[in-house]
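Participant: In case you want the letters, here they are:
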Amino acid sequence: MFKFAIRAFACAIVVVLAACSTPEVPFDRSANRGIKTIGVIQPGIEPTPRIVLASDIGQSFGLIGALVDASMQANRDGKFGAMLQSAHVEPPAEFLAALKASLAAQGYQTVDIAVAHGSSSLLKSYAAIATVPSDAYLDIAVVNYGYLAAGIGDSTPYRPFTGMRCRLVRSSDGKVLMEDVIAYNPIGTPANTVTIAPDPQYTFVDFDALMADRGRAVDGMNKALTDSAAAVGRLLQ
Amino acid sequence: MKAPAFVALALFVAGCAAKPPDLEPVTMIAARSCDTRPALANAVAVAPDPDKPANALIDAQARCLDGAGGKALYALFALPDGAPYTVSVSSVPMGRSTFAPRAILLDSAGNVMRELPDGSFLFRGANLTALFRAHPGERYMAVASDTHLVGRPISRLQENTQVRGAAAGGFYFEIHTGSEQTHDSTWSHNGQIVVAVTPDKKER
Chain U
1450 MFKFAIRAFA
1460 CAIVVVLAAC
1470 STPEVPFDRS
1480 ANRGIKTIGV
1490 IQPGIEPTPR
1500 IVLASDIGQS
1510 FGLIGALVDA
1520 SMQANRDGKF
1530 GAMLQSAHVE
1540 PPAEFLAALK
1550 ASLAAQGYQT
1560 VDIAVAHGSS
1570 SLLKSYAAIA
1580 TVPSDAYLDI
1590 AVVNYGYLAA
1600 GIGDSTPYRP
1610 FTGMRCRLVR
1620 SSDGKVLMED
1630 VIAYNPIGTP
1640 ANTVTIAPDP
1650 QYTFVDFDAL
1660 MADRGRAVDG
1670 MNKALTDSAA
1680 AVGRLLQ
Chain Y
412 MKAPAFVALA
422 LFVAGCAAKP
432 PDLEPVTMIA
442 ARSCDTRPAL
452 ANAVAVAPDP
462 DKPANALIDA
472 QARCLDGAGG
482 KALYALFALP
492 DGAPYTVSVS
502 SVPMGRSTFA
512 PRAILLDSAG
522 NVMRELPDGS
532 FLFRGANLTA
542 LFRAHPGERY
552 MAVASDTHLV
562 GRPISRLQEN
572 TQVRGAAAGG
582 FYFEIHTGSE
592 QTHDSTWSHN
602 GQIVVAVTPD
612 KKER
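Quick mapping for you: the protein sequence lines, in order, are chains U and Y.
Residue numbering for the first sequence follows my numbering, beginning at 1450 and increasing consecutively.
Residue numbering for the second sequence follows my numbering, beginning at 412 and increasing consecutively.
Just so you know, the hints here were simulated from the structure itself, not pulled from any lab data.
Heads up, a few of these hints could be off.
As the list claims (entries may be wrong) - Looking from chain U toward chain Y, a few residues come up when the C-beta cut is under 10 angstroms (computed):
| no. | residue |
| --- | --- |
| 1 | 1478 |
| 2 | 1480 |
| 3 | 1484 |
| 4 | 1504 |
| 5 | 1574 |
| 6 | 1601 |
| 7 | 1636 |
Unchecked claim - With beta-carbon atoms standing in for the labels, derived distance ranges:
| no. | chain 1 | residue 1 | chain 2 | residue 2 | range |
| --- | --- | --- | --- | --- | --- |
| 8 | U | 1524 | Y | 496 | 47 to 57 angstroms |
| 9 | U | 1563 | Y | 455 | 45 to 55 angstroms |
| 10 | U | 1569 | Y | 492 | 38 to 48 angstroms |
| 11 | U | 1623 | Y | 579 | 51 to 61 angstroms |
C-beta: ideal position from N, C-alpha, C; glycine also.
Excised from the complex, chain U in its bound form:
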């Protein structure tokens, strides 16, 4: 049960991700002409997305309600994750490919950097990867992604969402050249955050509808990850 409560707390973080974000650092490409090769640190991203119900009746009943909600969410997460696995869909690989494509579209070469990375935060230090030949490191933590419904009624269907932090660090001196937060389909209008409205074609009235239309469900999730990756590229143009 305690694990469920932790997961519920983690999901709540998604919704308030941007509220606690630090001020953005815009990239100045014309002042950093030497940045041509970017070392893409293996993004921090959980292999299984989350299926989040942002508001429901359980939230009205304190800890017991939260535990029940967390249990129900774990059930949804598990079913959706199993569906992805059976379809051989790997969201981390999809996101990494989209990210490298978005950097290539902006004229950057990329180098993969494999390093242990959690999804909840960016790396504290880049000293361990200092030997990788690149002009800058791109560090991304996909704090959460999957599907989200604002409420329980038919008027608030499940739609894909992501929330991620990103940072570009100059290799030579560790200076932060860009830092931002990107949210696809956030709750509200968070400040200091690039917000991307959801594609209206990926709408599922409830969890059963989401599971029943596997192809479109996967496409919607991948679209959210791809659009978020494209936003990273735009921040580096």
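Fit chain Y to the supplied structure of chain U, relying on the hints for placement.
Facilitator: Same frame as chain U, but now just chain Y:
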């Protein structure tokens, strides 16, 4: 403060959040006589303080610029001395109208130094915003309508959650609900522009 009163206060404060007025989109300005380069007179001064943003309402009577992309309405901002610093320039959606922005940096004589690349404006919160580093010598910024976008529709879906308090049988409950809202508007020549400058923190 009792919890129900606190919740009621929170809802009251949220309900008081200023909502931008609705503007009829201006999409046709072919009949306007225009400047061939931005007029430096009457530029809106921007203070080097992020808490004191400069505002400009671009309406049908705003100055017009005739460039390679066609006729555009624009507002001119005078940037503070002392670059580099960070500039935030935002187009605030105004009901049916969303100003389609592009930003051009000028020197002290009004000569174009650079234009922010296409795609620099991204939605941040509710506003369409570009963040960039101003360079030494960039003293003015013309924010002009993007003629390639004007007239096209824009639709954005927004998810929200609400909490309200209720009491029954001596117990207090918080009721959590969700909602969606779709904002439909038109990219236009008119709207509100907000510019803020954040100076670099001095290193100690």
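Participant: Any of the earlier hints contradicted here, and which numbers?
Facilitator: Result: hints 3 and 5 break, sorted rising.
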